[in-house]
Amino acid sequence: EAGLLLALPHGRAAAQTLAQRTGAKVMEVPIPFGLCATDSFVMAAGEAAGREREARAAVEAGHAEVAPWLEWLIPRRFLFKRLGFAGDPWMMPGFVNIADTLGASVSTLVAYCRPLDHFTDECPLPVEPLWEPRVGVVPAQDLVRGIDLFVCNSALLREIGGLVRAVEFGYPSYGYHCCFDAPFLGYRGLLAFADRLSNAIGDPPGLLDS
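Numbering (the working numbering), first residue to last: 9 to 218.
Worth double-checking, as some hints may not be accurate.
Computed beta-carbon distance windows for the label pairs [unchecked claim]:
1. M51 <-> D211: 35 to 43 Å
2. A21 <-> E55: 20 to 28 Å
3. Y184 <-> I82: 19 to 27 Å
4. K33 <-> D211: 27 to 35 Å
5. A65 <-> G11: 37 to 45 Å
6. M35 <-> P132: 27 to 35 Å
7. G11 <-> R84: 41 to 49 Å
8. E60 <-> L124: 25 to 33 Å
9. S48 <-> P213: 32 to 40 Å
10. G111 <-> G19: 30 to 38 Å
11. D189 <-> W139: 44 to 52 Å
12. A21 <-> P191: 38 to 46 Å
13. R122 <-> M35: 21 to 29 Å
Capping the alpha-carbon separation at 20 Å, the derived lysine to any residue pairs in SDA-like fashion look like this [claimed, not checked]:
14. K33 <-> A22
15. K89 <-> D150
16. K89 <-> P212
17. K33 <-> A63
18. K89 <-> L14
19. K89 <-> G170
20. K33 <-> A65
21. K89 <-> A21
22. K89 <-> D203
23. K89 <-> R153
24. K89 <-> D156
25. K89 <-> L199
26. K89 <-> S115
27. K89 <-> A65
28. K89 <-> P213
29. K89 <-> A200
30. K89 <-> E176
31. K89 <-> A22
32. K89 <-> K33
33. K33 <-> A21
34. K89 <-> G11
35. K89 <-> A63
36. K89 <-> E55
37. K33 <-> P17
38. K33 <-> A52
39. K33 <-> C44
40. K89 <-> S206
Note that these hints are calculated values from the structure, not bench results.
This structure is a prediction, so every number in the text was calculated from the model and none was measured.
For glycine and all other residues, C-beta sits at the position ideal for the given N, C-alpha and C.
Based on the provided sequences and hints, a complete structural model is requested.
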């Protein structure tokens with residue numbers, strides 16, 4: 009029997025059903041994608057469980073682990089870069105926060121589903137998402153115009169071809185495989201995800217010669 013249920017966005021209805029059956033308390037939390045959402049996830053869980061002090065310590069430890077690794081990368085690879093993201097809309101706020109953490113900005117957002125009611129009210133975004141685009145209807149060059157890196161799934165990756173640097177991410181993902189732990193959620197997940205973005209962007213021309 010559960011006394012506390014942490015409900016991610018896609019599981020809110022299921023959590024309410026379980027709560028009715030078990031009497032458990034439901035705490036709605038964001039997908040811990042990016043610093044801000046991970047902080048909120050940890051603090052919400054800690055407060056609901058009566059462990060606020062431990063949660064705050066975990067947040068501080070997470071920030072302390074992340075910061076040194078990003079210090080070198082931000083000015084050399086991410087600063088002022090323009091990014092695009094196509095995928096789960098509930099991960100868009102996290103991606104925007106990741107871009108902001110890295111000194112970049114987001115200029116293109118694409119959702120693989122129909123518009124969600126009240127989504128933009130709950131999750132303010134810098135640009136309006138393009139909802140449920142059909143493959144081939146929106147020209148690939150329009151999707152990636154003006155951006156330095158596009159994060160998308162295998163289907164869209166094939167469509168954009170070599171028009172822009174890209175990172176394969178989300179479902180389906182046919183080309184990217186790991187032989188080691190490579191999370192994208194939580195504090196270490198941010199580092200692993202930033203690592204992939206960084207390697208796709210690469211160093212600016214002439215950096216090694218300076």
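- request: Could you check the structure against the hints above and give me the numbers of any it violates, in ascending order?
  value: 4, 5, 6, 11, 12, 18, 20, 21, 27, 31, 32, 34, 35, 36 and 39
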